[in-house]
Amino acid sequence: METQNKALTIREYPLGEWGLGLIMFAIAGFTAVGANGDWSITLIAGVAGLLFIFVGTILEVLADRVRGTLTIRRTSLLRHYVREIPVENIAALQLETSPGSSSTYRIVVTTKDNETIPFRTGYASGVSAKEAKVKRLRAFLGVGGAEMASGGMLSQATSMARQVFQEKQESISGPEALTEHVTEGVHWKTQTVAFGGTAVTRWFSPDQQCPGGFVFLTQKVVGQATAAGGLLGGMNKLFFHEIIGMYGFGSEDTPGLDSAILLGVFDPQLDPHFSVFTSDPQAARQTLAWSVAALADWATRYPLNQMQMTGKVFGQLVVMICPSGTTIASMGNMIPEALQELTNLGVALIKGK
Numbered sequence: 001m002e003t004q005n006k007a008l009t010i011r012e013y014p015l016g017e018w019g020l021g022l023i024m025f026a027i028a029g030f031t032a033v034g035a036n037g038d039w040s041i042t043l044i045a046g047v048a049g050l051l052f053i054f055v056g057t058i059l060e061v062l063a064d065r066v067r068g069t070l071t072i073r074r075t076s077l078l079r080h081y082v083r084e085i086p087v088e089n090i091a092a093l094q095l096e097t098s099p100g101s102s103s104t105y106r107i108v109v110t111t112k113d114n115e116t117i118p119f120r121t122g123y124a125s126g127v128s129a130k131e132a133k134v135k136r137l138r139a140f141l142g143v144g145g146a147e148m149a150s151g152g153m154l155s156q157a158t159s160m161a162r163q164v165f166q167e168k169q170e171s172i173s174g175p176e177a178l179t180e181h182v183t184e185g186v187h188w189k190t191q192t193v194a195f196g197g198t199a200v201t202r203w204f205s206p207d208q209q210c211p212g213g214f215v216f217l218t219q220k221v222v223g224q225a226t227a228a229g230g231l232l233g234g235m236n237k238l239f240f241h242e243i244i245g246m247y248g249f250g251s252e253d254t255p256g257l258d259s260a261i262l263l264g265v266f267d268p269q270l271d272p273h274f275s276v277f278t279s280d281p282q283a284a285r286q287t288l289a290w291s292v293a294a295l296a297d298w299a300t301r302y303p304l305n306q307m308q309m310t311g312k313v314f315g316q317l318v319v320m321i322c323p324s325g326t327t328i329a330s331m332g333n334m335i336p337e338a339l340q341e342l343t344n345l346g347v348a349l350i351k352g353k
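With my numbering applied, the sequence shown corresponds to residues 1 to 353, in that order.
By construction, these hints were calculated from the structure, which means they are not laboratory data.
Positions of the beta carbon are idealized from the N, C-alpha and C atoms, including for glycine.
A portion of the hints provided could be inaccurate.
Said to hold, decoys possible - Each computed BS3-like pair below joins lysine-lysine, with the alpha-carbon atoms no more than 30 Å apart:
1. Lys189 x Lys168
2. Lys6 x Lys189
3. Lys133 x Lys220
4. Lys220 x Lys189
5. Lys168 x Lys6
6. Lys112 x Lys130
7. Lys6 x Lys112
8. Lys220 x Lys351
9. Lys112 x Lys135
10. Lys6 x Lys133
11. Lys133 x Lys112
12. Lys351 x Lys189
13. Lys220 x Lys168
Said to hold, decoys possible - Computed spacing ranges between beta-carbons, pair by pair:
14. Ser324 x Tyr81: 43 to 49 Å
15. Arg285 x Ser125: 31 to 37 Å
16. Glu167 x Gly212: 42 to 48 Å
17. Arg73 x Ala132: 44 to 50 Å
18. Ala7 x Gln269: 18 to 24 Å
19. Met331 x Thr71: 23 to 29 Å
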């Protein structure tokens with residue numbers, strides 16, 4: 001952390017990612033010595049090492065009193081991000097808790113336009129160090145913000161964003177969209193949650209549950225393969241932990257998360273379109289047996305491409321079946337026609353159509 005009278009600079013280096021990358025390179029080098037013609041482990045470790053090195057991001061935050069700006073700069077070998085925020089437009093600078101964890105955090109700026117801008121896109125542990133940086137920046141820039149509540153409750157920034165997105169959804173589809181409905185005997189309602197500065201729309205029904213465990217499906221990019229085992233499989237598990245949090249699911253929705261596995265092969269109709277991550281493989285196979293056709297049909301009509309076109313109704317679709325019920329979710333607020341599509345899918349999954 002560097003400071004002068006008129007400027008304050010904070011830099012964070014991705015030591016964790018770089019360290020893991022070096023470890024993977026060491027494994028690749030060690031296995032290469034005794035490969036005996038089998039280079040598969042060497043290749044996987046080498047690719048994993050490159051991935052960690054390439055995604056490691058240097059964060060630089062510059063608070064400038066003279067210009068009256070707060071600049072966030074994230075730099076990696078793959079991309080460069082810069083966002084300059086006028087100090088006069090900052091409503092709050094504070095910590096935000098991950099929706100999927102009560103022990104991981106990130107620093108966010110909430111603007112007077114109700115936009116949430118994170119310093120980093122991901123969440124990490126180390127609340128004390130983050131709080132110290134937040135307090136230093138607040139004092140330097142003369143801005144306010146909410147302190148972290150005890151017990152790891154969601155920060156004021158997330159609550160504000162959630163309220164804004166919920167009001168927007170009500171303006172699009174009417175307040176009745178958030179009340180309970182019954183379709184073909186299936187009870188359901190829609191929910192609006194927030195992930196950073198993005199709305200997440202969720203269709204929820206308590207009529208289909210997975211007692212004592214969970215089944216989580218994520219739509220795959222067209223042509224994407226799934227690695228269920230080995231080093232890449234372990235990396236996939238880490239990504240699933242993040243995705244689960246992105247869509248607003250917490251520990252109460254994911255019993256057995258630490259021992260959950262990625263099902264590499266499930267059904268030839270479903271495998272090209274969805275990945276299945278679950279703490280109870282037997283329950284997953286039983287629960288999804290009658291849902292394959294409906295999910296495959298959805299993926300055919302709403303494919304997930306590497307480069308999503310602007311204006312598409314749906315992005316990535318996820319399904320969570322857990323002790324409280326079944327949730328279908330996608331990023332963004334939904335027009336009435338899109339909510340009807342989610343309802344049709346939800347009813348089909350629960351009734352086994």
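Consistency of the hints with the structure:
no.	hint	verdict
1	Lys189 x Lys168	17 Å, holds
2	Lys6 x Lys189	51 Å, violated
3	Lys133 x Lys220	37 Å, violated
4	Lys220 x Lys189	26 Å, holds
5	Lys168 x Lys6	39 Å, violated
6	Lys112 x Lys130	22 Å, holds
7	Lys6 x Lys112	24 Å, holds
8	Lys220 x Lys351	24 Å, holds
9	Lys112 x Lys135	19 Å, holds
10	Lys6 x Lys133	17 Å, holds
11	Lys133 x Lys112	21 Å, holds
12	Lys351 x Lys189	16 Å, holds
13	Lys220 x Lys168	28 Å, holds
14	Ser324 x Tyr81: 43 to 49 Å	36 Å, violated
15	Arg285 x Ser125: 31 to 37 Å	35 Å, holds
16	Glu167 x Gly212: 42 to 48 Å	36 Å, violated
17	Arg73 x Ala132: 44 to 50 Å	20 Å, violated
18	Ala7 x Gln269: 18 to 24 Å	58 Å, violated
19	Met331 x Thr71: 23 to 29 Å	27 Å, holds
Of the numbered hints stated above, those contradicted by the structure are hints 2, 3, 5, 14, 16, 17 and 18, listed in ascending order.
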